[in-house]
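Enquirer: Put together the whole structure using the sequences plus the hints.
If you want the building blocks of each chain, they are given just below.
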Amino acid sequence: MPDFLFYLFSALTVLSAFLVTVSRNAVNGAMYMIVSFVGMAALFVLLEAYFLAALQVLVYAGAVMVLFLFIIMLLDAGKGRTVRPDRLTTAAACIGGLLLISGLIYITFDSGAAPSTPLPVITELPENATATNIPFTTSSRSFGYGLFTKYMLPFQVTGFLLLIAMIGVIVLSKRIDSSGDEPAKPRIAKS
Amino acid sequence: MELVDYLPVMIQLLLAAVIAAAILIASHIFGQRARGNYASDSAYECGMLEESKPHPKFSVKFYVVAMLFILFDIEMVFMIPWVLIYRELLSVGILSVWPIFFFLGVLTLGLVYEMKKKGLEWER
Amino acid sequence: MNYNGFQELAATNQWSAIWPELSMAGIGLLVLCLDLFLPSSRKRLIPLVAIFGQLALLAVLVMGCGCATESTGPLFGGMIESGPYTPYMRAFFVLSSTLVCYLGVSYLSRQNLPRSEFYLLTIFVSGAMMLLVQSSNFVMLFVSLETVTIGFYVLVSYCRYSPFSLEAGLKYLILGALSSAILLFGIVLLYGAASNPALAQSTTDSMNFAALGKFIAATPEEPLVLVGAVLVLCGICFKIGAVPFQIWVPDVYQGAPTPVTAFLAVSSKAAGFLVLMNLVAGPFAALSKLTVPLLSAIAIITILFGNITALGQRNVKRVIGLSGIAHAGYLLVGVVAMAVGVALAPWAIIFYLFAYLFASFAVFGVMVHLAGVEDEIQEIDHYQKLAERQPFLAGVLAIGLGSLAGIPPLAGFIGKLLLFIAAFQAELYTLLGAAIIGVVISVYYYFGWMREAFFIKPALPGDEARPSYPMPGAVGIIHKLTLGLLVVITVLMGLFQRGIFGG
Numbered sequence: 001m002p003d004f005l006f007y008l009f010s011a012l013t014v015l016s017a018f019l020v021t022v023s024r025n026a027v028n029g030a031m032y033m034i035v036s037f038v039g040m041a042a043l044f045v046l047l048e049a050y051f052l053a054a055l056q057v058l059v060y061a062g063a064v065m066v067l068f069l070f071i072i073m074l075l076d077a078g079k080g081r082t083v084r085p086d087r088l089t090t091a092a093a094c095i096g097g098l099l100l101i102s103g104l105i106y107i108t109f110d111s112g113a114a115p116s117t118p119l120p121v122i123t124e125l126p127e128n129a130t131a132t133n134i135p136f137t138t139s140s141r142s143f144g145y146g147l148f149t150k151y152m153l154p155f156q157v158t159g160f161l162l163l164i165a166m167i168g169v170i171v172l173s174k175r176i177d178s179s180g181d182e183p184a185k186p187r188i189a190k191s
Numbered sequence: 192m193e194l195v196d197y198l199p200v201m202i203q204l205l206l207a208a209v210i211a212a213a214i215l216i217a218s219h220i221f222g223q224r225a226r227g228n229y230a231s232d233s234a235y236e237c238g239m240l241e242e243s244k245p246h247p248k249f250s251v252k253f254y255v256v257a258m259l260f261i262l263f264d265i266e267m268v269f270m271i272p273w274v275l276i277y278r279e280l281l282s283v284g285i286l287s288v289w290p291i292f293f294f295l296g297v298l299t300l301g302l303v304y305e306m307k308k309k310g311l312e313w314e315r
Numbered sequence: 316m317n318y319n320g321f322q323e324l325a326a327t328n329q330w331s332a333i334w335p336e337l338s339m340a341g342i343g344l345l346v347l348c349l350d351l352f353l354p355s356s357r358k359r360l361i362p363l364v365a366i367f368g369q370l371a372l373l374a375v376l377v378m379g380c381g382c383a384t385e386s387t388g389p390l391f392g393g394m395i396e397s398g399p400y401t402p403y404m405r406a407f408f409v410l411s412s413t414l415v416c417y418l419g420v421s422y423l424s425r426q427n428l429p430r431s432e433f434y435l436l437t438i439f440v441s442g443a444m445m446l447l448v449q450s451s452n453f454v455m456l457f458v459s460l461e462t463v464t465i466g467f468y469v470l471v472s473y474c475r476y477s478p479f480s481l482e483a484g485l486k487y488l489i490l491g492a493l494s495s496a497i498l499l500f501g502i503v504l505l506y507g508a509a510s511n512p513a514l515a516q517s518t519t520d521s522m523n524f525a526a527l528g529k530f531i532a533a534t535p536e537e538p539l540v541l542v543g544a545v546l547v548l549c550g551i552c553f554k555i556g557a558v559p560f561q562i563w564v565p566d567v568y569q570g571a572p573t574p575v576t577a578f579l580a581v582s583s584k585a586a587g588f589l590v591l592m593n594l595v596a597g598p599f600a601a602l603s604k605l606t607v608p609l610l611s612a613i614a615i616i617t618i619l620f621g622n623i624t625a626l627g628q629r630n631v632k633r634v635i636g637l638s639g640i641a642h643a644g645y646l647l648v649g650v651v652a653m654a655v656g657v658a659l660a661p662w663a664i665i666f667y668l669f670a671y672l673f674a675s676f677a678v679f680g681v682m683v684h685l686a687g688v689e690d691e692i693q694e695i696d697h698y699q700k701l702a703e704r705q706p707f708l709a710g711v712l713a714i715g716l717g718s719l720a721g722i723p724p725l726a727g728f729i730g731k732l733l734l735f736i737a738a739f740q741a742e743l744y745t746l747l748g749a750a751i752i753g754v755v756i757s758v759y760y761y762f763g764w765m766r767e768a769f770f771i772k773p774a775l776p777g778d779e780a781r782p783s784y785p786m787p788g789a790v791g792i793i794h795k796l797t798l799g800l801l802v803v804i805t806v807l808m809g810l811f812q813r814g815i816f817g818g
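Chains as they are written, first to last, in my numbering: chain A, 1 to 191; chain B, 192 to 315; chain C, 316 to 818.
Just so you know, the hints here were simulated from the structure itself, not pulled from any lab data. No false leads were slipped in.
DSSO-like cross-link-like pairs, simulated, lysine-lysine; straight-line CA separation at most 27 Å:
{"hint": "1", "chain 1": "C", "residue 1": "K358", "chain 2": "B", "residue 2": "K307"}
{"hint": "2", "chain 1": "C", "residue 1": "K358", "chain 2": "A", "residue 2": "K174"}
{"hint": "3", "chain 1": "B", "residue 1": "K252", "chain 2": "A", "residue 2": "K174"}
{"hint": "4", "chain 1": "B", "residue 1": "K309", "chain 2": "C", "residue 2": "K358"}
Far from chain C by the CB rule (all over 12 Å, computed), these chain B residues:
{"hint": "5", "residue": "V195"}
{"hint": "6", "residue": "L206"}
{"hint": "7", "residue": "V209"}
{"hint": "8", "residue": "I210"}
{"hint": "9", "residue": "G222"}
{"hint": "10", "residue": "F253"}
{"hint": "11", "residue": "E266"}
{"hint": "12", "residue": "M267"}
{"hint": "13", "residue": "W313"}
Here the structure is a predicted model, which means the values were calculated and not measured. The beta carbon of each residue, even a glycine, is placed where N, CA and C say it ideally should be.
Expert: In structure tokens form, the structure reads like this:
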């Protein structure tokens, strides 16, 4: 049964991801993207990464897609002219992508690099979790152990990453005068 | 938590798909078909003519709010694992309270910045 | 449950070991607080705090450079590991960030843009770069790389009234996101292969460079590893602007505000190279059969492409961008020599980076002073008769460009020489040939720029119709001192380089 579900959801994910790229209407594309994200969340569930699945729905299918839809509406997409890419570019991109995919599939399945034995499912942290060896378990708590011991520095850097992003949002979207009080006059761009 | 616990979710998904399909098929079979014309396709069949295009451009304000929402959403993501384990870490003397306070402090500073620059005010 | 492992891990979180990075973060937060709580009449203090704070940090770092630094080993659970060149690179990034803030002051005085955000973004990004070049774990590498990149997205499109700047920001965003995706895909492949229990030396900590290096040394022929390594290298090559991943460079360099262009050209490139060096000497050391030919090919095309395309450019920011591609090519020669195993190569790269920093900031200092409100449109023609009107700036420009071109006795010449010696020791004669051809070509466009400044063209009929470019006023004493210092260091580094890095 899990095997069947895996194929079902991965087919759903790949198919809707493909539809994102070919759909003419940007809103339809965004909707397909939600389906793709939810399919991916289902794949995480099948991998017993429940926390990741919840985050996938919460952050990607929820917040990121809201932003996408806002931007699509903001830009009033679909009314502009469509630019057809160069035939040669399209052909080259298709051939390159196909080569990469087939190469990767061959490597993954034929060369023995992919694990052939099923990996054990760990539900709770083992007693002997050492400094270099924190396995990811199915419980959400295992993320916490890693985050506040081993990954403390990246975690704090992420805080600054978010701060930079917040400042960037304001700097790029609000009119701030150099003195910070009056709305600034836009510079007239010369043609 | 086991994979089996997600069975209700699976059933709900199937149910949603079945109901949606059923409604579509039923309305296709039983519904009366009318010839489409301009008046019946418009948003308000009788009354005023529409003044502008049905998809107005949204102001950049929406975008700013959505963007800031994502940032705080991600901040929350980091707090979930902390809430689950901070008591255990506290009991064995691993620092986790001050670091998350620092993390939150940095982001609070960002929030203060936004308010000060009137980033959260609707009228601008 | 047994918490010993976690207690061990928590004990390696020695925050005192990364005090320079913490001070950078502190200066940034201080600038942010001052911006928030200072009355607007006192806001002029903010750039002073940013610049002098960093100068103080720089002074402490430079004094520390002389002392013997014992390697502390992996810290933060193997997230970062300081190597022999970490102190120099810390000083490098702080210096570069200070100079960018300094150039920012005179750029922002002409634009109606938010001020203090520029300084704090620059400072945060530089702090993240300092962590990036020390990271010894892919998680740390990616998080700090993204901090740097997102900061750059904002900085590149900082002049939001200018269509050029916004276009540059958009292009940088799309291609930067693409390169991050490629890098991540490579990391994922490596991670997956290295934690496969069926393979020799598999590890549960496969994001860690040391563990990954052991695994790759045991299974260097594994195709998944090779694909992963190639993708990771491609992602990094995007960041340093090596051909065929250079398409973003000219447009972004032109559209970005000039101080940000300098920041991109110097710091971002240096950070990319340090990461490349860490990877090539660390986890990918066993893959030299792959990395040497791959990077050699990229280096040759990069050198030739950058120099040949720079020949026809009239916009000085595009010239700097395209010649920056060529400089990335020369530096890649050093990286290849390092992959072959020449001990001189990493020091040659670092010397080159420092020479590049001083020369570039001298040139950018002149550019910022001469630029009008429309920062993106700086043609070579603007430099006409510069020597007549502002001889000091012309002199600075000449020495800066001369050092970039590699004219003896300037620092750039010694830098190129060291790289070429490293390439010679590694017996990379083809690369050496390409690099020398590139240097010869580069002399043409650097001197074309200089000729515009120094030699008066004979007046052609119709010249009166052409607009004459107004020269900005006299150079302030502080600007003179800063540029003078950069030039003096460039000359001194060319004359006395013995013993700078302890041999």
